[in-house]
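Let's have the full structure, built from the sequences with the hints guiding it.
The listed protein sequences correspond, in order, to chains F and E. When you read off a place in the first sequence, starting at 1, and then add 3, the result is the number in my numbering. When you read off a place in the second sequence, starting at 1, and then add 418, the result is the number in my numbering.
There's no promise every hint is true.
Stretch-level coverage of chain E by chain F, calculated; a stretch enters the list once three of its residues show a Cβ under 8 Å from a Cβ in chain F [unchecked claim]:
no.	region
1	450-463
2	512-518
3	522-532
No more than 27 Å apart at the CA atoms, straight line, and that leaves these computed lysine-lysine pairs for DSSO-like [to be verified]:
no.	chain 1	residue 1	chain 2	residue 2
4	F	41	F	25
5	F	44	E	479
6	F	103	E	531
7	E	467	F	43
8	F	12	F	56
9	E	467	E	479
10	F	43	E	479
11	F	43	E	519
12	F	22	F	12
13	F	103	E	519
14	F	44	E	531
15	E	519	F	41
16	F	44	E	519
17	F	22	F	43
18	F	56	E	479
19	F	25	E	519
20	F	103	E	486
21	F	44	E	486
22	F	56	F	21
23	E	479	F	103
24	F	12	F	43
25	E	519	F	12
26	E	486	F	41
27	F	44	E	467
28	F	43	E	531
Just so you know, the hints here were simulated from the structure itself, not pulled from any lab data. Ideal placement from N, C-alpha and C gives every residue a C-beta, glycine not left out.
Letter by letter, the chains look like this.
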Amino acid sequence: DTEVTQTPKHLVMGMTNKKSLKCEQHMGHRAMYWYKQKAKKPPELMFVYSYEKLSINESVPSRFSPECPNSSLLNLHLHALQPEDSALYLCASSQQVYEKLFFGSGTQLSVL
Amino acid sequence: AQSVTQPDIHITVSEGASLELRCNYSYGATPYLFWYVQSPGQGLQLLLKYFSGDTLVQGIKGFEAEFKRSQSSFNLRKPSVHWSDAAEYFCAVGSYNQGGKLIFGQGTELSVKP
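See below:
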């Protein structure tokens, strides 16, 4: 299994909603990442988890809350988002940090 | 400051023609480099990577790239482009003192004419 699976594929939420994005991999990777990508732009790193510990937070607003319950799962909890947070949210994993990343197909998020 | 530059925002080539996508980087430490490809609304797929060793690296789908330290470049090439190669291409650079953080270039959109 060489896939990173993200659910849901599409999400529409209001500014007062709470929702979660889920990412799963079964490749035994010990590093997992969240990226945000706006249309026609490169991915921007949000968070890095290494061995289930948060190792990088790129000054992301607290309305985004990551969680790594175990080595295969990565969640991104969303609360009180703004319309400008609408984007494609990509999860990725790698054997270790500094290794090649495997990306999921993303969650297309729209905040109304 | 660390940076990655892809000078060409959009390139159009004819099917069967050769392709070269440019990537230049500015890094204080020894970098490692990737090329990724992305189709609309999809995740990124790794084409190839360079960490060390042979500076000419082969990737999937017939792509290759050459690391030139003296020119701070990592250009992607393909001898004969197929219509299915139309996509967005990203160069990405990291270094061993950045904790796994990659810096992506702005991307080059490739269109293929029949």
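Quick rundown of the hints versus the structure:
1. 450-463: Holds, because 8 residues of the region 450-463 of chain E bring their Cβ atoms closer than 8 Å to Cβ atoms of chain F.
2. 512-518: holds (count 4)
3. 522-532: Holds, because 4 residues of the region 522-532 of chain E bring their Cβ atoms closer than 8 Å to Cβ atoms of chain F.
4. F:41 to F:25: Holds, because 19 Å separates the two Cα atoms, which is no more than 27 Å.
5. F:44 to E:479: Status holds; Cα separation ~24 Å.
6. F:103 to E:531: violated, 31 Å
7. E:467 to F:43: Roughly 23 Å between the alpha carbons, so the hint for residue 467 of chain E and residue 43 of chain F holds.
8. F:12 to F:56: holds, 26 Å
9. E:467 to E:479: holds, 14 Å
10. F:43 to E:479: holds, 23 Å
11. F:43 to E:519: holds, 21 Å
12. F:22 to F:12: holds, 13 Å
13. F:103 to E:519: Status holds; Cα separation ~11 Å.
14. F:44 to E:531: holds, 24 Å
15. E:519 to F:41: Roughly 18 Å between the alpha carbons, so the hint for residue 519 of chain E and residue 41 of chain F holds.
16. F:44 to E:519: holds, 17 Å
17. F:22 to F:43: holds, 25 Å
18. F:56 to E:479: Violated, because 35 Å separates the two Cα atoms, which is more than 27 Å.
19. F:25 to E:519: Roughly 21 Å between the alpha carbons, so the hint for residue 25 of chain F and residue 519 of chain E holds.
20. F:103 to E:486: holds, 20 Å
21. F:44 to E:486: holds, 26 Å
22. F:56 to F:21: holds, 23 Å
23. E:479 to F:103: Cα-Cα ~17 Å, so holds.
24. F:12 to F:43: Answer holds: residue 12 of chain F to residue 43 of chain F is near 19 Å, not above 27 Å.
25. E:519 to F:12: Given that 27 Å is the threshold and the Cα spacing comes to 25 Å, the pair holds.
26. E:486 to F:41: violated, 31 Å
27. F:44 to E:467: OK: residue 44 of chain F and residue 467 of chain E at ~21 Å, within 27 Å.
28. F:43 to E:531: holds, 21 Å
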